[in-house]
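Enquirer: Spelled out from the first residue to the last, the chains are:
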Amino acid sequence: MQASDGLKSMVRSPTERIIDFYPAKEIDLKILVPVKRVIDYNIKVRVKADNTGVDLANVKMAMNPFDEIAIEEALRLKEAGVASEVVAISCGVTACQETLRTAMALGADRGILVETDVELQPLAVAKLLKAIALNESPQLIILGKQAIDDDANQTGQMLAALMGWSQATFASKVVVDASAGSVTVTREVDGGSETLTLTLPAIVTTDLRLNEPRYATLPNIMKAKKKPLDVIKPEILGIDVIPRLTTLKVTDPAPRSAGVKVANVAELIHKLKNEAKVIA
Amino acid sequence: MSILVIAEHDNLTLKVATRNAIAAAAKINITLATEIHVLVAGVACGDVAQQAAAVAGVAKVIVADAAHYGDQTAENLAALIVAQAGGHTHILAAATSNGKNILPRVAALLDVAQISDIIAVLDVDTFVRPIYAGNALATVKSADSVKVITVRTTGFDAVEASGGSAIIENIQASPDLGQAKLVSRELTKSARPELAAAKIIVSGGRGMGSGENYHKVLEPLADKLGAAMGASRAAVDAGFVSNDYQVGQTGKIVAPQLYIAIGISGAIQHLAGMKDSKVIVAINKDPDAPIFQVADYGLVADLFQAVPELVAAL
Numbered sequence: 001m002q003a004s005d006g007l008k009s010m011v012r013s014p015t016e017r018i019i020d021f022y023p024a025k026e027i028d029l030k031i032l033v034p035v036k037r038v039i040d041y042n043i044k045v046r047v048k049a050d051n052t053g054v055d056l057a058n059v060k061m062a063m064n065p066f067d068e069i070a071i072e073e074a075l076r077l078k079e080a081g082v083a084s085e086v087v088a089i090s091c092g093v094t095a096c097q098e099t100l101r102t103a104m105a106l107g108a109d110r111g112i113l114v115e116t117d118v119e120l121q122p123l124a125v126a127k128l129l130k131a132i133a134l135n136e137s138p139q140l141i142i143l144g145k146q147a148i149d150d151d152a153n154q155t156g157q158m159l160a161a162l163m164g165w166s167q168a169t170f171a172s173k174v175v176v177d178a179s180a181g182s183v184t185v186t187r188e189v190d191g192g193s194e195t196l197t198l199t200l201p202a203i204v205t206t207d208l209r210l211n212e213p214r215y216a217t218l219p220n221i222m223k224a225k226k227k228p229l230d231v232i233k234p235e236i237l238g239i240d241v242i243p244r245l246t247t248l249k250v251t252d253p254a255p256r257s258a259g260v261k262v263a264n265v266a267e268l269i270h271k272l273k274n275e276a277k278v279i280a
Numbered sequence: 001m002s003i004l005v006i007a008e009h010d011n012l013t014l015k016v017a018t019r020n021a022i023a024a025a026a027k028i029n030i031t032l033a034t035e036i037h038v039l040v041a042g043v044a045c046g047d048v049a050q051q052a053a054a055v056a057g058v059a060k061v062i063v064a065d066a067a068h069y070g071d072q073t074a075e076n077l078a079a080l081i082v083a084q085a086g087g088h089t090h091i092l093a094a095a096t097s098n099g100k101n102i103l104p105r106v107a108a109l110l111d112v113a114q115i116s117d118i119i120a121v122l123d124v125d126t127f128v129r130p131i132y133a134g135n136a137l138a139t140v141k142s143a144d145s146v147k148v149i150t151v152r153t154t155g156f157d158a159v160e161a162s163g164g165s166a167i168i169e170n171i172q173a174s175p176d177l178g179q180a181k182l183v184s185r186e187l188t189k190s191a192r193p194e195l196a197a198a199k200i201i202v203s204g205g206r207g208m209g210s211g212e213n214y215h216k217v218l219e220p221l222a223d224k225l226g227a228a229m230g231a232s233r234a235a236v237d238a239g240f241v242s243n244d245y246q247v248g249q250t251g252k253i254v255a256p257q258l259y260i261a262i263g264i265s266g267a268i269q270h271l272a273g274m275k276d277s278k279v280i281v282a283i284n285k286d287p288d289a290p291i292f293q294v295a296d297y298g299l300v301a302d303l304f305q306a307v308p309e310l311v312a313a314l
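Sequence lines, in order, name chains R and D. Numbering-wise (this note's numbering), the first sequence opens with residue 1 and increments by one. Numbering-wise (this note's numbering), the second sequence opens with residue 1 and increments by one.
Simulated from the structure, these hints should not be mistaken for laboratory data. A couple of the hints might just be wrong.
Not the full set, but computed from the structure, chain R residues with beta-carbon under 8 Å of chain D [as the list claims (entries may be wrong)]: (1) Val-45; (2) Asp-151; (3) Ser-166; (4) Thr-169; (5) Leu-268.
Every residue gets a Cβ at the ideal spot worked out from N, C-alpha and C, and that includes glycine.
With the rest of the complex left out, here is chain R (with noise of 0.2 Å):
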């Protein structure tokens, strides 16, 4: 990298040397915001009765909550003066238009829609993303850790990889420094926290304590509605998103039926004790 930069330098024209002077003009940040939708989280899921899969006709659809913790964080970057810009993108079916409006109602500039009805996985949703990447040229992608879907936490991890990238997952405070080009990214870790800092460009994925949301106001879901949204088709970026994996069945949890209720601490404790057998 360092080598790289070296040369970088030695080259540079000369207007780029003036806007060394001013470097509140610096600012080019770029931030991509990748956002998915998915059943909303009030929602008590179903499991369909031939077991293909969970029921979501007629089901209330939102912006998965960790994209919102994204969306947030991006647009908090934009408007302390350290991004540019913030692009929402979704991939997916026509009605993913309705999550982009979402986020360009919550602030985004734009957005862009991959548009398939094929069932997209986080390999194949990485390099859809790594794609648009390639052409947006981004400093920053932020990302949620995971879908409430599928749980899977990979796509944020697969996209660095395929980008070549560094990565900070499951952060709780992000701190961009554009001069350095370097972000500073504590993560939550099972033992309690880390600090990582990062050579940009870079990979975010967001924690539930990142920030809290902001809600869309009437006034900001009218003007998204006249925003920029791209739609694209993968074909059209020469992406493979065939499933690696084929779900065979999906089948409710073993159910866990309610117990009793015990009067006091006595019975409490009685009950640990002789019939659980847990406690000595």
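Since the structure of chain R is provided, determine the placement of chain D on it from the hints.
Expert: Using the frame of chain R, we list chain D on its own:
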């Protein structure tokens, strides 16, 4: 061809979660009848290699000892694992924050899917994994040449830490990519058992009212029972305790012998993280709290009276 399991460790100790992942590898190996290899990448991690070599069922421990593996950054680890991928039909890691961070990167570099969070092995290519926060279980079959898998530790009982006598092979480290640098690490220090591996967990929710109450009321109970301490998302969001206490869909998935939920209402996301516990006890003053629908023993009571009473009687 063999099965590769990625060791989870802190350069000193092999984490129990690795032995859960090895248990899943052993299930796969019932049909394959090949060898299970463990990759230990770290710095000055000789002790970990010794511990891994002693684990039951492990045939070979591959050790990459270099400074740039010390912090377990995903970029360097993934590059190393990909370099070692040849000759392996399956690459497994525990679905810990580390495993989840690194393995999708490996899968993408190998151009294969990752199968996340498996809870059962049905065949060499067919696995069961929870979706929708555990409200449904998907049986998935992989068509890829290499299966890259993260293992939900609660789905597989850890294999024995001893009984094995694997050979240890040192390998060349891959070059340092230098993309990510660890600045600091703040790990919660506790004399209590680790949440993910504890036999008993005492967990507190919003009903605790404050961080002070959480510690004052629950610690004596955890001390009496030798239990780990957990929390609901509500308690973490309210700032009672730090994020690493969180049990639930997006926190830790636990399945202890005994889970005591105190002042926890039982949101679906919390239940996703603990409903496989053997015995669940709920103490809550709201008789309609959803937690009672999964509890083996429910006590409708004010926790500030019931818990001290419980401590006194144990």
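Enquirer: Quick check on the hint: R:Thr-169 CB to chain D CB, less than 8 Å?
Expert: holds (5 Å)
Enquirer: Let's test the interface hint: is any C-beta of chain D closer than 8 Å to that of R:Val-45?
Expert: Nearest chain D Cβ about 5 Å off; hint holds.
Enquirer: Can you verify the interface hint for R:Leu-268: is its Cβ closer than 8 Å to any Cβ in chain D?
Expert: Given a least distance of 5 Å, the restraint on R:Leu-268 holds.
Enquirer: With a cut-off of 8 Å, does the beta carbon of R:Asp-151 approach a beta carbon of chain D closely enough for the hint to hold?
Expert: With Cβ-Cβ at 6 Å, under 8 Å, it holds.
Enquirer: Just to be careful: measuring from the Cβ of R:Ser-166 to every Cβ in chain D, is the smallest value less than 8 Å?
Expert: holds (4 Å)
The structure shown violates none of the earlier numbered hints.
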